[in-house]
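Colleague: Chains as they are written, first to last, in our numbering: chain U, 1 to 116; chain P, 1 to 109.
To be clear, the hints were calculated from the coordinates, so they are not data collected in a lab. A few of these clues could be false.
Coverage of chain P stretches by chain U, computed from C-beta distances (three or more under 8 Å per stretch; other residues unrestricted) [unchecked claim]:
| hint | stretch |
| --- | --- |
| 1 | 44 to 56 |
| 2 | 82 to 96 |
| 3 | 99 to 107 |
Note that this is a predicted model, so its numbers are computed, not measured. We treat Cβ as the ideally placed atom computed from N, Cα and C, and that holds for glycine.
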Amino acid sequence: NAGVTQTPKFRILKIGQSMTLQCTQDMNHNYMYWYRQDPGMGLKLIYYSVGAGITDKGEVPNGYNVSRSTTEDFPLRLELAAPSQTSVYFCASSYDQREASSNEQFFGPGTRLTVL
Amino acid sequence: GQQLNQSPQSMFIQEGEDVSMNCTSSSIFNTWLWYKQDPGEGPVLLIALYKAGELTSNGRLTAQFGITRKDSFLNISASIPSDVGIYFCAGQLSNDMRFGAGTRLTVKP
Numbered sequence: 001n002a003g004v005t006q007t008p009k010f011r012i013l014k015i016g017q018s019m020t021l022q023c024t025q026d027m028n029h030n031y032m033y034w035y036r037q038d039p040g041m042g043l044k045l046i047y048y049s050v051g052a053g054i055t056d057k058g059e060v061p062n063g064y065n066v067s068r069s070t071t072e073d074f075p076l077r078l079e080l081a082a083p084s085q086t087s088v089y090f091c092a093s094s095y096d097q098r099e100a101s102s103n104e105q106f107f108g109p110g111t112r113l114t115v116l
Numbered sequence: 001g002q003q004l005n006q007s008p009q010s011m012f013i014q015e016g017e018d019v020s021m022n023c024t025s026s027s028i029f030n031t032w033l034w035y036k037q038d039p040g041e042g043p044v045l046l047i048a049l050y051k052a053g054e055l056t057s058n059g060r061l062t063a064q065f066g067i068t069r070k071d072s073f074l075n076i077s078a079s080i081p082s083d084v085g086i087y088f089c090a091g092q093l094s095n096d097m098r099f100g101a102g103t104r105l106t107v108k109p
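Just need the whole structure built from these sequences, with the hints factored in.
Modeller: Listed below in structure tokens is the structure:
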């Protein structure tokens, strides 16, 4: 298994540009998540999905959109990039968040985004 | 929202020393998790705790879920150079997971 893969690894955007961060998992996990990690900080949840066709806001959803058309893919969309969105973005997946023993989240390697 | 306070922010220790770090919260969690993050990579789960009072070990790592459900600690015994990294606590309640700001560990040979 490749686990959780993210593309691109790095990206520089100009203010107002849009882009999609890709995330794919091949572990047949139901739950998928997007986090952002700012320097010296922990991860903050942007959006999550409990299954195909279902998405929910996390702690910091403003400025982002997600979709979950398949179990494997969970892209994150930035429509109008702003400097405040400069961060490292991590995608994660887990089998079932409701089952305590199955809620280990597996993280991708991250996408480092800079908005200038 | 729920905030996690993780301490210390950073630690510089000699190889072979023991390490202790902890997380506290004003809110309760059903699950406490400890992750390690190496530079340029995503966090990797070290230990998961599911019951208040639970004490769990994973090799040289030991973690406990506080009895009040508002805190957790992680101990690393006999540190080695590859323990270097950032350690994050995370508390989970239903679908919501909150992370601490991390403890940056440096191990001097």
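Colleague: Work down the list of hints and note, for each, if the structure agrees.
Modeller: Taking the hints in turn, this is what the structure says about them:
| no. | hint | result |
| --- | --- | --- |
| 1 | 44 to 56 | holds (count 4) |
| 2 | 82 to 96 | holds (count 6) |
| 3 | 99 to 107 | holds (count 4) |
When held up to the earlier numbered hints, the structure conflicts with none and fits them all.
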